[in-house]
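Novice: When you get a sec, could you build the whole thing from the sequences and use the hints?
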Amino acid sequence: MSTGALEAVLFREAKIRATNWTFIFWDLLYPLGYLLVFGLGMNASLGFTSELNGLDYNAFFLAGVLGMASFGIASNTSWSFFLDRDNGIFYEMLTYPLSRSQYLVGKVLFNVGVALVQALLTVGLSGLLLGVQVRPSGLPLLVAATVIGTSAWFFFYAIFALRIRRNDTFNAVTSVFYFVFLFASSMFYPLEPLPSTFRFVASLNPITWHVDVLRYATIGVGDPRTIGIEAGGFVLFTLIAFWLAVQALERE
Amino acid sequence: MNDTAIAVDHLVKVYRRGTHEELRAVDDLSFTVKRGSIFGLLGPNGAGKTTTLRVLTTLARPSSGRATVLGHDVVTNPLDVRKHIGVVIQEQAAELLLTVRDNLLTFARFHGLAGPTVRRRAAEVIERFGLDSVAETKVQDLSGGARRRVQVAKMFMVDVPVIFLDEFSSGMDPILKRSVIEMLRDQATGGRTIVLTTQVLTEAEELCDDILIINKGRSIARGDLHHLKTLVDRLYDVTLSFEHVPEDLHASLVGFHPEEMTIGHGTVRLKLRDEESRVLELVSELARHGRLLRIEINGASLEDIFVELTQKSGGRS
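Residue numbers (my numbering), protein chains in the order written: chain A, 1 to 252; chain B, 1 to 317.
These aren't lab readings, by the way, just hints derived from the structure by calculation.
Calculated Cβ distances over 12 Å to all of chain B for the following chain A residues: (1) Tyr34; (2) Asn43; (3) Ser45; (4) Leu46; (5) Val147; (6) Arg163; (7) Thr174; (8) Ser175; (9) Ser203; (10) Leu204; (11) Trp243.
Taking beta-carbon pairs under 8 Å as the criterion, some of the chain B residues facing chain A (in silico): (12) Leu79; (13) Glu91; (14) Ala94.
In this text, a Cβ means the ideal position worked out from N, Cα and C, and glycines have one as well.
Specialist: Here's what the structure looks like:
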């Protein structure tokens, strides 16, 4: 695979993201805002620790913020994907000297890069400002979960960005995804005290699998066997999403 | 070195709508394009021009047949085709979130070009396309015409040997269009092959060395303008300007059975299908009716040829 083509895709993505402050806000600052405003508020006002093995909410919520960042970055990229197609540049790019898979891989690599920077910022600031201690032995898993998680959500969103033709439909779909995936998961709260139906739905949600792995990686919470199953499920979800995204791209 | 830049051999492209209905957008089309020529692909709306270009630029796969660009097969070797082509698609296509300059630099980067030389070239292209005042403006803040200019300007950032232009001049003002036409001529003289589709037939008449007219996905005429004119013989456009239009003029003209006739502001315009001697006879006859200020007799224009041939082949698609 020619690195020139990948480098060009990365250059393009970086130019677009770096020269549009709204992307910087949504990619990097928005999840931090959740951590430092929402998380801090929840921790101070409710301060619940009963279901969290003595952890405070900031420590619990750190993995949620990391998962939210991966999800949000992928969502932003898929929106730019949709915009590219809507503006015709997507079709022009398909006549450039790069393959469709290089185009997809370039976008994923850029996403992953942004997600890793975001994760570094989040972990650093949560330690500095909120006193959350991330276990060093979990860092390789944290990096892997961030890389795979961001790729998975990008592929997932790409399927819809490539198939949906109308802007309003696409916006509606992404809004529903945000609501369903983020809230019906272990991102914001522990699932144990919740009604069984909710727990069941959340256990089928790939965000739950992703966030649980991130939580295990960062603060060591979770049963290793369950985490292993969730990690396996998430990798399978990633592969299926990748395959469907490639299919959608090949149809263009 | 092979003289052929593009070879299309029995190309068929079928679009399926639902389970039963199908549209043969390109139907057994064959042609070749010489290196360094400006080739015009003309036809009415829905004739299959854009589909043919989509196949040649690897955006669509043919249903059957074969097409090569500089010897590279568009199906089996699409990446090599893309390394040698630049494409202005029919739809507007520009990086809306980037500035005009970054659009040019990003395009060059995809063709493996970066650095100070490319930046200098971008500055030259920006100047030639009259984009200086908006060079640092994001394309999303430009008018449709300016966006189209950026799209075409990109083709001058790289030295790919083949350029495809699908309705390149839409949204361009006449002065810029004239300038781009001159630039394209220079490019062809320098050895680049240019394939264009256009609805503006005077543009094709002015630019193209070689023209293919298609309708319903099939070839209906091929050749240079001179050759095409021989396909529609004995068709003349006659324009006569009088000091004062004679009152009995209409009656005299009817006897010559013109296919079209307009009279106004001292000028008579006629389209005649007849022998050359009859046309000259008409002119001398009319000259007896009043003082003539101007006489102009032209053979069939590309538009006449286009209309006649497409109608003969079954009208619009």
